[in-house]
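Generate the whole structure from the sequences, applying the supplied hints.
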Amino acid sequence: MKHFIIFIALVTFISSVTMAQQPEKEEMQFLIVEALMKNPEIAAEFQKMQAANQRITQAGSLDNPELIFKLMEIPGTEFNNSMYANIELMQMVRFPTKLSMQKQIATVQAEHAHHDHLEKMLEIVSQIKSAYAMLWYARTALELNKENQKLLEQILKAAGTQYAVGKASQQDVLKTSIELAKLKTQEASLQQEAHSAESMFRSLLNRPASLTVGEVEYSEPPTSAPPLNAMLRYAFANRPMLMHDSLTIYESGLSLDLMKQEYIPDLKFSIEYVRLPMLAENRWSVSAGITLPFAPWTLAKSSARVEEATAMRSMNEYKYLASKRMVEARINDAYAKTNAYLAEWTSFEKTILPQTRQSVQILLSEYQTGQTSYLMLLDGYRMYKETRMEAAMARMRYEQARATLERQVGVTDLVTIPLASEEKNK
Numbered sequence: 001m002k003h004f005i006i007f008i009a010l011v012t013f014i015s016s017v018t019m020a021q022q023p024e025k026e027e028m029q030f031l032i033v034e035a036l037m038k039n040p041e042i043a044a045e046f047q048k049m050q051a052a053n054q055r056i057t058q059a060g061s062l063d064n065p066e067l068i069f070k071l072m073e074i075p076g077t078e079f080n081n082s083m084y085a086n087i088e089l090m091q092m093v094r095f096p097t098k099l100s101m102q103k104q105i106a107t108v109q110a111e112h113a114h115h116d117h118l119e120k121m122l123e124i125v126s127q128i129k130s131a132y133a134m135l136w137y138a139r140t141a142l143e144l145n146k147e148n149q150k151l152l153e154q155i156l157k158a159a160g161t162q163y164a165v166g167k168a169s170q171q172d173v174l175k176t177s178i179e180l181a182k183l184k185t186q187e188a189s190l191q192q193e194a195h196s197a198e199s200m201f202r203s204l205l206n207r208p209a210s211l212t213v214g215e216v217e218y219s220e221p222p223t224s225a226p227p228l229n230a231m232l233r234y235a236f237a238n239r240p241m242l243m244h245d246s247l248t249i250y251e252s253g254l255s256l257d258l259m260k261q262e263y264i265p266d267l268k269f270s271i272e273y274v275r276l277p278m279l280a281e282n283r284w285s286v287s288a289g290i291t292l293p294f295a296p297w298t299l300a301k302s303s304a305r306v307e308e309a310t311a312m313r314s315m316n317e318y319k320y321l322a323s324k325r326m327v328e329a330r331i332n333d334a335y336a337k338t339n340a341y342l343a344e345w346t347s348f349e350k351t352i353l354p355q356t357r358q359s360v361q362i363l364l365s366e367y368q369t370g371q372t373s374y375l376m377l378l379d380g381y382r383m384y385k386e387t388r389m390e391a392a393m394a395r396m397r398y399e400q401a402r403a404t405l406e407r408q409v410g411v412t413d414l415v416t417i418p419l420a421s422e423e424k425n426k
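Numbering (this note's numbering), first residue to last: 1 to 426.
This list has only true hints and no planted wrong ones.
Result set (DSSO-like, lysine-lysine): computed pairs, CA atoms no more than 30 Å apart in a straight line: (1) K146 - K350; (2) K25 - K337; (3) K350 - K150; (4) K167 - K146; (5) K324 - K103; (6) K157 - K167; (7) K146 - K175; (8) K182 - K146; (9) K48 - K98; (10) K260 - K98; (11) K150 - K385; (12) K175 - K157; (13) K184 - K25; (14) K120 - K324; (15) K319 - K260; (16) K150 - K167; (17) K150 - K182; (18) K319 - K301; (19) K150 - K25; (20) K175 - K150.
Worth flagging that the hints you see were computed from the coordinates, not collected in a lab.
Since the structure is predicted, the reported quantities are computational estimates derived from the model, not experimental observations.
Listed below in structure tokens is the structure:
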């Protein structure tokens, strides 16, 4: 949680730099700041937190006093000739411990709003990273499509040369032309996907459509996640949602104590100024009273409130336990997916892609010298094309799975999670 506090403290300073001009390259740390400053959902949760803070003072205050003016024993409609003209000031005073308990409950509810605000920040940051990966993939797929078109044009040129010297059939040229036409048709679809990804990206940042989205790229290879036990330990201690549910149990205990205090009577005081115009006299009256929550006809209601509060506390205890198990399951799932996609991407980048790239180049050279068939070349091209797209898809899935993992753990970056050795040193 302290990472969030430091992060928010730097938002205003960094935003003055990042918002000065539209960046040519979108960098994640600045995108996060921009989202925290401009995302309307985060702003709404912040205002909700501000409103909850203002309820604390209200909860610990007395009810508004009541001022009553009465004209009594009026002859007919002659108001000036009333027998009595009374002004009464009345105040209901709840038992002091009840007010104190109400203020404590309101303080806890304000802390709930703070946790909701932090949880929304985590959600939006995760969505930003996921949208960034989706936009990167859409643009990468479009670029790969263009590169594949260039490769097909080389194959088409080679097929045309072979056909001119009688070493290839016209069918080879037609098949290449059809493949090239398919790629050009697919290009339009990929452009639409890129535009949709940009729209989603802008909506999260609350950017107008007139602002373009800069270059997105991953300059560094993906890294493995911290140990699973370290992430689970951190999440159980710091995840805002779990802190929210844990605090709900404490709030339920306060509510139960408050309901038990409903058996204590509340007080009511009034002071009244009485004017007798007909007698030319002025008098004062003072009265005091108490509520009777233990009356036979109201005792059942007070008992039911206590039973209700007891049941609510038990319910919140079970909800907290369920939340912990749910968070644990989601972290395990996201952790497994992150590692799986990382292994998949590593396999593509280090083994499969280099081999398929080399294979298609060899096949093209062999086809040009008549050492292999056109079908072998076309199969090699298709494998190379699909492999490049699958490698890009694996990277996108990894980045999205990692963003989900960070979201479930409760951090904006997994590197901020302290390991067991670091915690012992502290």
